[in-house]
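Fit chain B to the supplied structure of chain A, relying on the hints for placement.
What follows is the residue order along each chain.
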Amino acid sequence: MHRLMVLSRVFDKACCELSNNWFPAEGEEASVVGAFYGLDPADYAAPHYRGTHIVYHMRGAELWRLACQALAKADSYTGGRGFAHGGPADMGLLPWLGGDIGPQIAQATGAALAFKYRKERRVVVNAFGDGMSTRGDFHEALNLAGIHHLPIVYIVHNNQWAISTHSTRFLANQNVAEHARAYNMHGESFDGNDLFATQQTVSAAIERAREGRPSLLEARTWRVRGHWAGDKVEYREHLKDVMRPQPDPIPRLEEELERRGVLKGADLQRHWQQAQEQTEQAIAKAQAAPSSEVVGIGLDKVFMPRAQEA
Amino acid sequence: MARLTYVEGVIAALTQCMRQDPDVFLLGQDIGPFGGTMQSTKGLWEEFGYERVIDTPISEAGTAGLAVGAAMQGLKPVMEVSFGEFVTSCMNEIVTQAPGVYYYTGQRAHCPVVFRTKMGDGPYRGHPQCYESWFMHVPGLKVVMPAFPDDCKGLMVAAIREPNPVLFIEDMYLYHAVRGEVPDELYETPIGKARVVREGKDLTIVATGWFVHKAVAAARQLASDGIDVEIVDPRTLAPLDIETILNSVKKTGRMVTAHEAWKIGGAGAEIAAQIAEEGFGYLKAPIVRVGAPHVPVPIPKPIRDVYLPDVDDIVSAVKKVMAWQR
Numbered sequence: 000m001h002r003l004m005v006l007s008r009v010f011d012k013a014c015c016e017l018s019n020n021w022f023p024a025e026g027e028e029a030s031v032v033g034a035f036y037g038l039d040p041a042d043y044a045a046p047h048y049r050g051t052h053i054v055y056h057m058r059g060a061e062l063w064r065l066a067c068q069a070l071a072k073a074d075s076y077t078g079g080r081g082f083a084h085g086g087p088a089d090m091g092l093l094p095w096l097g098g099d100i101g102p103q104i105a106q107a108t109g110a111a112l113a114f115k116y117r118k119e120r121r122v123v124v125n126a127f128g129d130g131m132s133t134r135g136d137f138h139e140a141l142n143l144a145g146i147h148h149l150p151i152v153y154i155v156h157n158n159q160w161a162i163s164t165h166s167t168r169f170l171a172n173q174n175v176a177e178h179a180r181a182y183n184m185h186g187e188s189f190d191g192n193d194l195f196a197t198q199q200t201v202s203a204a205i206e207r208a209r210e211g212r213p214s215l216l217e218a219r220t221w222r223v224r225g226h227w228a229g230d231k232v233e234y235r236e237h238l239k240d241v242m243r244p245q246p247d248p249i250p251r252l253e254e255e256l257e258r259r260g261v262l263k264g265a266d267l268q269r270h271w272q273q274a275q276e277q278t279e280q281a282i283a284k285a286q287a288a289p290s291s292e293v294v295g296i297g298l299d300k301v302f303m304p305r306a307q308e309a
Numbered sequence: 000m001a002r003l004t005y006v007e008g009v010i011a012a013l014t015q016c017m018r019q020d021p022d023v024f025l026l027g028q029d030i031g032p033f034g035g036t037m038q039s040t041k042g043l044w045e046e047f048g049y050e051r052v053i054d055t056p057i058s059e060a061g062t063a064g065l066a067v068g069a070a071m072q073g074l075k076p077v078m079e080v081s082f083g084e085f086v087t088s089c090m091n092e093i094v095t096q097a098p099g100v101y102y103y104t105g106q107r108a109h110c111p112v113v114f115r116t117k118m119g120d121g122p123y124r125g126h127p128q129c130y131e132s133w134f135m136h137v138p139g140l141k142v143v144m145p146a147f148p149d150d151c152k153g154l155m156v157a158a159i160r161e162p163n164p165v166l167f168i169e170d171m172y173l174y175h176a177v178r179g180e181v182p183d184e185l186y187e188t189p190i191g192k193a194r195v196v197r198e199g200k201d202l203t204i205v206a207t208g209w210f211v212h213k214a215v216a217a218a219r220q221l222a223s224d225g226i227d228v229e230i231v232d233p234r235t236l237a238p239l240d241i242e243t244i245l246n247s248v249k250k251t252g253r254m255v256t257a258h259e260a261w262k263i264g265g266a267g268a269e270i271a272a273q274i275a276e277e278g279f280g281y282l283k284a285p286i287v288r289v290g291a292p293h294v295p296v297p298i299p300k301p302i303r304d305v306y307l308p309d310v311d312d313i314v315s316a317v318k319k320v321m322a323w324q325r
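If you're matching them up, the sequences are chains A and B in order.
0 is the number of the first residue of the first sequence in numbering that gives the first Met the number 0; add one for each residue after it.
0 is the number of the first residue of the second sequence in numbering that gives the first Met the number 0; add one for each residue after it.
It is possible that some hints are incorrect.
[To be verified] Distance windows between CB atoms, simulated:
#1 B:G73 - A:E279: 36 to 42 angstroms
#2 B:P138 - A:D89: 20 to 26 angstroms
#3 B:K41 - A:R209: 35 to 41 angstroms
To be clear, the hints were calculated from the coordinates, so they are not data collected in a lab.
Ideal Cβ positions, reconstructed from N, Cα and C, are used throughout, including at glycine.
Just chain B, same shape as in the assembly:
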């Protein structure tokens, strides 16, 4: 057991998988001697060299195609898309190409590719996008979004061993900000299984990434007001572990969703819709979503801090739901 940061959890998984399986290799911009943007691949080039840690040109579409093509030959490429906004440059491969390999080939081919990228509030130079909900919409793609260092490691191991394409979204705010105990051995955290971060009886908060941590802070405040919330971190948005969320709502009868991404069309909207469809009978109050306002993400720090939903927004949402009366 070691105390690792969020990104160190991902790197531990990559290191151990690369040692174990020669078919695993990395592609991406600045991942070699530079060590990756925000140290995303620190130490990997030193151990595995240029043959397995391939620095690529600024060619996201070409590189993603390379990864998809190599994966269809049975290799296990992990392509790093430096920042979430760059996924728009290789959307075709991630959305229309890789997810259809198994289905469209009559199951004659498959595509074990991993795309890793960073989303969320990061350096104030730019790149603060949260596009995860776009990808939940796509059948054939698994979407992973961990909130804790141990899940970073376990889910990256699972993503690499997965025979289908995976988009692995790393939370930029948590990158170096969160530390946690991470087991030394090689282990998997199953894709498609939510984590109950806190048990409670009054209301369920479904939160992702950084907002899991904000929900934990909100829960502490709410406890002093006598409100006992349960926090569910889906960890993977696709497939979504709706069963765990539904079971929680069955117990609490109330739900708030919380994420950094825009509220409109966000992951919370889909989760809320599924709970409304499958669990309407359990609900004692309407579902409330917490998410960013509908403006392009403001860049300078002072205005970004105004834009970002905060712990207080989660607390108010919870109180609003608790106070609701027919």
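Bound conformation, chain A alone:
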């Protein structure tokens, strides 16, 4: 998991250099990697857009094709026509269909409904930001999951920011997990910058979900950078008194791993080295790939032909 968190940090930072429209995940790696680490391949992942690419990689996506998405290349998983934050939808991942976020929560819930309908023991993990917890979609979907006892784990990455607005200005109740009570599900807040706390809390929720008991988990974290790579975060000056920055999860994890004797300094260093090399190779390969304009606008790719459906 340390390796994945480091890879997320290095790859994400590099993509921020390549694309101004990237959403930097720096500082939130524990709550992202820990949230999706416990899923089986047959399960379904619906990650938040911030830090989404490491989840795609954990599900089997190749790094260079993800880099293609930052560079608007034809070999991206979206066929060269989709969003930079879309993933390979055939690897147990919810697709990214629009910039208006919130509908994904209901769609992830629909996947959980499908698993229950077919009496499969698969679960869904759906992550989103604290900003989405004020959407109607969130409340409607959680109520539906509560009514139907759906196999789903909702995780709020509470990084305290909805673009430029601090949570003290958009949440009536700073404890997002308390919504769980209204929807008859398990609710729990935890330190999202603590990898082990994240992973243990999510694992327990996944087990509950397999028994038809949904959960709403709140990973308390901190958005180190702006909303998008080019965001200068000047608005933060006005909110210094209410902000609650959290310590970087990676050095925290490294100290813990060394203290427990799980990994030595040299092992940790090797992960950083490998992440650097993997990222450089992926970007070099992506840079050599053809631009998305070669795929054409795809008038014949709007509707799936009847014959192709199994």
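Structure of chain B alone, referenced to chain A:
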């Protein structure tokens, strides 16, 4: 063959598809023991139970998202949006989400969802909206709008078997008012194929829903004046069978469009524009559109009847086109 009402045609399709395919299930408000608003799902809960006829909370956006999410897993949900005005509460799923699944995923996923809803002149409590033209504008969404019971059945079967999202618009006026022969067996009416309801040589009326029936009545009146109109019912607004309409105009040289929805920005405007672009050379006179005046739909019956375009409006439009001289 049985004589069924408009909505019974839809229900026959749902019943037979659900018997044949366990992946087909229904979601919507009051569709269970209540039998659906205006009896839209009468008898289905009795046969298929709560597992496949799922009564939902008043949460159109959440329910539509549920349907889209389940469809991406390969199930075949049919979500009922009780009335057309409620589509505004789940517009995001119908417009920005479901239609982009196949395109934006690089063809790695698809979304075989059906949204069914009722539009048009209905109970005078409310809900009389006709929003179909909004959806023609959206690539990736198929928009179906039948006018006859047999098309209700055949097109609903096709919609359920369609691998792409479909908005199935049912005409509220015709719901219980129209009866017709409907074959007993499971059959499909292809999406994207217009129906020539009446053949004629002088002028083409392109009409949808209730207005197909009004056009038929207008045609009878016009026949006594020696005007022989052809009536084309597109049946599906997207994809639009412009070829059938164009061929008709090629024969008649004149066109009137007629629908209950507002004239401005209505389906008739798009059809007229396409014919002007592709068939200008065939036209002997300008195209005239019949549609509702540009006011919010008045609710009480007496004023609604003033508001709604009628058979006479279609007759006058046709006469205006026939009389046109350069």
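Evaluated hints:
1. Range check, G73 of chain B to E279 of chain A: about 39 angstroms between beta-carbon atoms, so the 36 to 42 angstroms window is met.
2. Remark: the range hint 20 to 26 angstroms for P138 of chain B to D89 of chain A is upheld by a beta-carbon distance near 22 angstroms.
3. Checking the proposed 35 to 41 angstroms range against K41 of chain B and R209 of chain A shows it holds: the Cβ atoms sit about 37 angstroms from each other.
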